[in-house]
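Engineer: For reference, the chains in residue letters:
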Amino acid sequence: SQTIHQWPATLVQPVGSPLSLECTVEGTSNPNLYWYRQAAGRGLQLLFYSVGIGQISSEVPQNLSASRPQDRQFILSSKKLLLSDSGFYLCAWTGGGTYEQYFGPGTRLTVT
Amino acid sequence: GENVEQHPSTLSVQEGDSAVIKCTYSDSASNYFPWYKQELGKRPQLIIDIRSNVGEKKDQRIAVTLNKTAKHFSLHITETQPEDSAVYFCAASNTGNQFYFGTGTSLTVIP
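Protein chains in written order, with our numbering: chain Y, 1 to 112; chain E, 113 to 223.
Calculated directly from the structure, the hints in this document are not laboratory data. Please note: incorrect hints may appear among the correct ones.
Stated by the list, open to error - Taking CB as the label site, the calculated pair distances span: (1) E:V132 with Y:E26: 24 to 32 angstroms; (2) Y:K80 with E:S164: 39 to 47 angstroms; (3) Y:Q73 with E:G153: 21 to 29 angstroms; (4) Y:R42 with E:Q126: 21 to 29 angstroms.
As the list claims (entries may be wrong) - Pairs of lysine-lysine, DSBU-like flavour, derived with a Cα cap of 30 angstroms: (5) E:K154 with E:K134; (6) E:K134 with E:K149; (7) E:K170 with E:K149; (8) E:K154 with Y:K80; (9) E:K183 with E:K169; (10) E:K149 with Y:K79.
Said to hold, decoys possible - A short list of chain Y residues far from chain E (calculated; beta carbon distances all over 12 angstroms): (11) L11; (12) S20; (13) S29; (14) Q45; (15) V51.
All C-beta atoms in this analysis are idealised placements derived from N, C-alpha and C, irrespective of residue type, glycine included.
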């Protein structure tokens with residue numbers, strides 16, 4: 001069966017520091033991968049999605065970037081965090097010939 | 113692009129009553145409509161979905177209906193229980209690549 005991992009689970013970072021969040025999927029090949037952000041008490045904002053290695057689509061211009069160095073690995077980065085980057089970051093995947101999208105456990109980021 | 117609107121934003125029901133959450137979408141090319149349940153501090157969980165070639169789908173106490181002509185779909189929960197309390201999100205997709213989410217409904221089931 002398929003499993004999606006995210007780490008770290010929680011992170012507290014000062015304003016202006018860099019960020020790297022990692023997501024990996026097991027048990028499937030060539031998945032579509034997604035990064036969402038959820039502010040406290042709010043909905044899901046799609047940040048990036050990828051249909052293959054090196055293929056990244058950005059939905060919202062901001063100080064974040066994404067990379068997909070391997071088929072089942074998706075990384076979210078920032079060079080300098082802003083206070084507004086605080087939130088719950090969720091990785092998700094679809095694949096296997098279905099549209100069903102499944103979420104990882106998330107990373108709770110607090111920028112201080 | 114697609115725009116998904118969800119109502120109501122909050123909903124309180126007595127245990128045992130039914131709950132209905134409604135979503136509308138704008139892109140007639142959308143053909144896949146999932147619903148997610150998110151408990152506090154946890155990831156969204158897929159609870160039911162429907163494709164555009166189907167008008168209704170049921171799974172025990174949960175059902176989803178789709179009206180393609182009117183571009184709206186609804187989640188129905190019958191015989192609600194306290195453990196149904198959560199935030200529910202609808203979404204729409206037309207390719208399985210991009211998903212557009214509603215703003216969420218916070219459901220509270222009062223024992």
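Engineer: None of the hints should be skipped; say for each whether it holds.
Structural biologist: Cross-check of the supplied hints:
no.: 1; hint: E:V132 with Y:E26: 24 to 32 angstroms; verdict: violated (37 angstroms)
no.: 2; hint: Y:K80 with E:S164: 39 to 47 angstroms; verdict: holds (43 angstroms)
no.: 3; hint: Y:Q73 with E:G153: 21 to 29 angstroms; verdict: holds (25 angstroms)
no.: 4; hint: Y:R42 with E:Q126: 21 to 29 angstroms; verdict: holds (27 angstroms)
no.: 5; hint: E:K154 with E:K134; verdict: holds (23 angstroms)
no.: 6; hint: E:K134 with E:K149; verdict: holds (14 angstroms)
no.: 7; hint: E:K170 with E:K149; verdict: holds (16 angstroms)
no.: 8; hint: E:K154 with Y:K80; verdict: holds (27 angstroms)
no.: 9; hint: E:K183 with E:K169; verdict: holds (16 angstroms)
no.: 10; hint: E:K149 with Y:K79; verdict: violated (33 angstroms)
no.: 11; hint: L11; verdict: holds (15 angstroms)
no.: 12; hint: S20; verdict: holds (20 angstroms)
no.: 13; hint: S29; verdict: holds (16 angstroms)
no.: 14; hint: Q45; verdict: violated (8 angstroms)
no.: 15; hint: V51; verdict: violated (6 angstroms)
Hint compliance for this structure: hints 1, 10, 14, 15 are broken, all remaining hints hold.
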